[in-house]
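Since the structure of chain A is already known, use the hints to place chain B with the ligands on it.
Protein chains in written order, with our numbering: chain A, 3 to 314; chain B, 14 to 301.
Note that these hints are calculated values from the structure, not bench results. Some clues are possibly wrong.
[Unchecked claim] Here are some of the chain A residues that sit facing chain B, going by a computed Cβ distance under 10 angstroms: (1) 52; (2) 81; (3) 85; (4) 115; (5) 117; (6) 118; (7) 293.
[To be verified] Pairs of lysine to aspartate or glutamate, EDC-like flavour, derived with a Cα cap of 20 angstroms: (8) B/123 to A/280; (9) B/153 to B/77; (10) B/237 to B/154; (11) B/213 to B/223; (12) B/106 to B/277; (13) B/123 to A/287; (14) B/69 to B/103; (15) A/228 to A/180; (16) B/267 to A/10; (17) A/294 to A/279; (18) A/307 to A/240; (19) B/237 to B/77; (20) B/17 to B/230; (21) B/106 to A/287; (22) B/267 to A/44.
Since the structure is predicted, the reported quantities are computational estimates derived from the model, not experimental observations. Note that CB positions come from ideal geometry on N, CA and C, so glycine has one too.
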Amino acid sequence: MNDISLREAFGRALVKAGEEREDFVVFDADVAGGTCTNFFREAFPDRFFQCGIAEQNMFSLAAGFSTMGITPVVTAYGVFAAMRAIEQARNSIAYPNFNVKIVASHLGLDTGPDGPTHQSMEDIAIYRSIANFTVLAPGDPVEMPGAVSAMLNHKGPLYMRTGRSPVPSVLGGDERFEIGKGKIVRAGTDVAIIATGVMLHRAYGAATILGEEGIDAMVVNMSSIKPIDRALIIECAEKTGAVVTAEDHNRFGGLGSAVAEILAETLPTPMRMVAIDDTFAESGEPALLAEKYGISIEDIRRMAKEVIDAKA
Amino acid sequence: MDRKKRISELRERALEIRRDILLMNHAAGSGHPGGALSSADIVACLFFDEMRHDPKRPMLDDRDRFVLSKGHSCQVLYAALAASGYFSKDEYKGLRRINSMLQGHPDRLKTPGVEFNSGSLAQGFSASLGMALGARYQGKEIRVYTVLGDGELNEGQCWEAFMFGAHYKLDNVLAIIDYNKLQSDDYNSNIMALEPLAEKLTSFGWNVLEINGHDIEEILDAFKEARHTIGVPSVIVAHTVKGKGVSFMENHPKWHGSLAPNAEELKIALGELTAELTGKSGEGEEDE
Ligand SMILES: Cc1ncc(C[n+]2csc(CCOP(=O)(O)OP(=O)(O)O)c2C)c(N)n1
Ligand SMILES: [Mg+2]
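Next comes chain A alone, as it looks inside the complex:
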């Protein structure tokens, strides 16, 4: 099978969900081709509402719409979903606790050639800090159908990341998805690599190389960022004594911070964060940007070795 992107997997899963249930509609801001809600628009034109390029208006519209008992799934690029319309997300959606699902494509360096204006590397930190919001970042196309069902079954405000570029699948085909749960996808005892979103396959790649070098690395898919799987994080730290987090996001406030917040209070453990080092990047192919800005497979491998040294 050819690699597909998380956004395409999302778009397909949304159509499937649309066939199974009638309790949701889709709102778009003239980016359906970018977020892959164009599949849903074609399948269910009457359940698709075009709001124009007006994200702030769209978010408050969705808040109002949700009060009539149908869930709006609202899609935009990450920077617009997490920043352009964030105050509407907070005060129109989160505070009144409405059942609105926000799904963003174009996240981090995975966005590639469109450059820094479109490379959202703050959204996890932002949404994580808003009360009532659940935050998801699936890492593998095969878990997207489960994530979409979980999202639609969930009551309340929810933000989910997809991704722009094709990613290799590393999980099995029958993925259950549970909000609040992470999953060990590769067992290991020397170091735990906790990854989210498009970094999952890189974490897996790094663990494979480390394995060849005699290092036994655990890989955890942390696709539920809030609520986060506290028990699993503590378990990883207990088993390995060394933790690396990996995310396509700024190093401040993202997955690394979330993991550190838990370990600092429960089981202080040597940690390294693979993330963007608080800088705007540039246009380019995602794989090349990952190397230049420190979120490649090699960076994960290097950090894993460093943190193993630190436990001694």
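Chain B with the ligands in isolation, oriented as in the chain A frame:
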């Protein structure tokens, strides 16, 4: 310079810009060709006639300012800047690639001549009004030019800015709407109805000029009229064709973006552009 000669030179500049847009776009393998091509005549007239600027001194204090608010069309800006001499055309091959000065959306810290990091729609328009207000506050005799998309006008921020411009009587700013009737996924009329646009803008207190955005004479006349309009800001509603100059791109939603002509398409497109110009300059000679 006599007007006929000036106009035929500007036509050639617009052709050069269109050709360079396609070359860059082809080299990058992606980008946003449609809206770059539709604004090429307007941008050519700004850079090669209307604006006071000096490529040798890009940071000159009293230069006129240009903000491409619809930043995704940056190929038109890069072509105009390179043709003006701000940087070498060798840079084209780096468009949208790593370690290059030409970003997917304009970046003032990387590209000489770029005034603002646009790309998030509507922000460039507000920033241009801020420049105009700041210039007036500082007693600077400069003008600020900004090009907006019609889809961009969906953003409420644009209308906040229109109110601001009228309230502060910013007659040192000229907004030009590249009214190509198309936005990202589809026609304006299928995404968010915009008409009656000129009436809306008039009711917001702006001096509205409506022109054919591909007619050099009309563009120059409108620029002049705007320059002589005192006490209210001016906006040009420039009727254009998205993808203008390349038959298979014209009026076609798919050529908005994430797309580039392949080698075959590039050849056809460049051929069409050249034929178009030779046809037109022929007409011009007959008139004389
Ligand atoms: C705030 C914001 N929302 C969405 C986008 C994604 N986007 C880029 S271009 C575009 C369509 C713009 O249409 P228009 O202004 O008509 O431009 P043109 O036709 O001149 O290319 C969209 C929706 C964006 N860049 N900024
Ligand atoms: Mg348009």
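(request) Check each numbered hint from earlier against the structure, then list the numbers of those it violates in ascending order. (result) none
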